Amino acid sequence: ETGVTQTPRHLVMGMTNKKSLKCEQHLGHNAMYWYKQSAKKPLELMFVYSLEERVENNSVPSRFSPECPNSSHLFLHLHTLQPEDSALYLCASSQDGGRQPQHFGDGTRLSIL
Amino acid sequence: KQEVTQIPAALSVPEGENLVLNCSFTDSAIYNLQWFRQDPGKGLTSLLLIQSSQREQTSGRLNASLDKSSGRSTLYIAASQPGDSATYLCAVPSGSARQLTFGSGTQLTVLP
Numbered sequence: 005e006t007g008v009t010q011t012p013r014h015l016v017m018g019m020t021n022k023k024s025l026k027c028e029q030h031l032g033h034n035a036m037y038w039y040k041q042s043a044k045k046p047l048e049l050m051f052v053y054s055l056e057e058r059v060e061n062n063s064v065p066s067r068f069s070p071e072c073p074n075s076s077h078l079f080l081h082l083h084t085l086q087p088e089d090s091a092l093y094l095c096a097s098s099q100d101g102g103r104q105p106q107h108f109g110d111g112t113r114l115s116i117l
Numbered sequence: 015k016q017e018v019t020q021i022p023a024a025l026s027v028p029e030g031e032n033l034v035l036n037c038s039f040t041d042s043a044i045y046n047l048q049w050f051r052q053d054p055g056k057g058l059t060s061l062l063l064i065q066s067s068q069r070e071q072t073s074g075r076l077n078a079s080l081d082k083s084s085g086r087s088t089l090y091i092a093a094s095q096p097g098d099s100a101t102y103l104c105a106v107p108s109g110s111a112r113q114l115t116f117g118s119g120t121q122l123t124v125l126p
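Sequence lines, in order, name chains X and L. Count the first sequence with our numbering and you get residues 5 to 117, in order. Count the second sequence with our numbering and you get residues 15 to 126, in order.
These are computed hints drawn from the structure, not numbers from a lab. As the structure is a computational prediction, the values presented were derived from the model and not from experiment. Cβ coordinates follow ideal geometry from the N, Cα and C atoms, glycine included. Be careful, since some hints might not be right.
As the list claims (entries may be wrong) - Short derived list, chain L residues pointing at chain X, Cβ under 7 Å:
1) G57
2) L58
3) S60
4) L63
5) S67
6) R69
7) S73
8) F116
9) S118
Said to hold, decoys possible - Negatives, chain L to chain X, calculated, CB over 10 Å:
10) S38
11) Q65
12) Y90
Assemble the whole structure, with the sequences as input and the hints as a guide.
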């Protein structure tokens, strides 16, 4: 099993659709993260969960809704997205405390029509 | 607010060259710095993490240095190979310490 697994790898959806991105980590970590990577821009942190509680929310629009049912799984629920939301969405995990390296999945490439 | 800058944005070198990638940050109150590699269409692979108490970290042909006082880090790649072609990103924790602030990356191409 790879450390951090994201599904699906690619997703195309219309602006009125509802979909979810899934992330699973097999590293025994207790913190999980969602990042957004747009073309020509640095990675942007969206959400942080520590011990299944959301501890960071970087002014992300409400059309993105995270869920962390347990320390191994993280979801990003999407609804009524805009074309500018097209990006690579990366999940990461770490042992909490901020001093440990973050390990990333391969991302979901999202395209909004 | 922490800002991270990477220079150059792109670099193309012939195989076998030694090269240096640069990373600078505005707030020197960091306790570590992480270097990542990203291949096209892929996620990030952690290469090296340097704690603030360290000045260098080495892994194989990679050597990363950290100078907190000047707000700089370098990633040295020895004897570059075409397989080293990728985008290299540096990141530092900021704010609550769980947040990583990333640079825009250096896109490296090693020509055979």
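Okay, the hints, checked on the actual structure:
1. G57: This hint holds: G57 of chain L lies near chain X, its Cβ roughly 4 Å from the closest one there, short of 7 Å.
2. L58: Result: holds, 4 Å to nearest chain X Cβ.
3. S60: Since the shortest Cβ distance to chain X is 5 Å, the answer is holds.
4. L63: Since chain X brings a Cβ to about 5 Å from L63 of chain L, closer than 7 Å, the hint holds.
5. S67: 11 Å, violated
6. R69: 17 Å, violated
7. S73: 12 Å, violated
8. F116: 4 Å, holds
9. S118: 5 Å, holds
10. S38: With a cut-off of 10 Å, S38 of chain L remains clear of chain X, as the shortest Cβ separation is near 14 Å.
11. Q65: Violated, because the least Cβ-Cβ distance between Q65 of chain L and chain X comes to about 7 Å, which does not exceed 10 Å.
12. Y90: Holds, because the least Cβ-Cβ distance between Y90 of chain L and chain X comes to about 19 Å, which exceeds 10 Å.
When held up to the earlier numbered hints, the structure conflicts with 5, 6, 7, 11 and fits the remainder.
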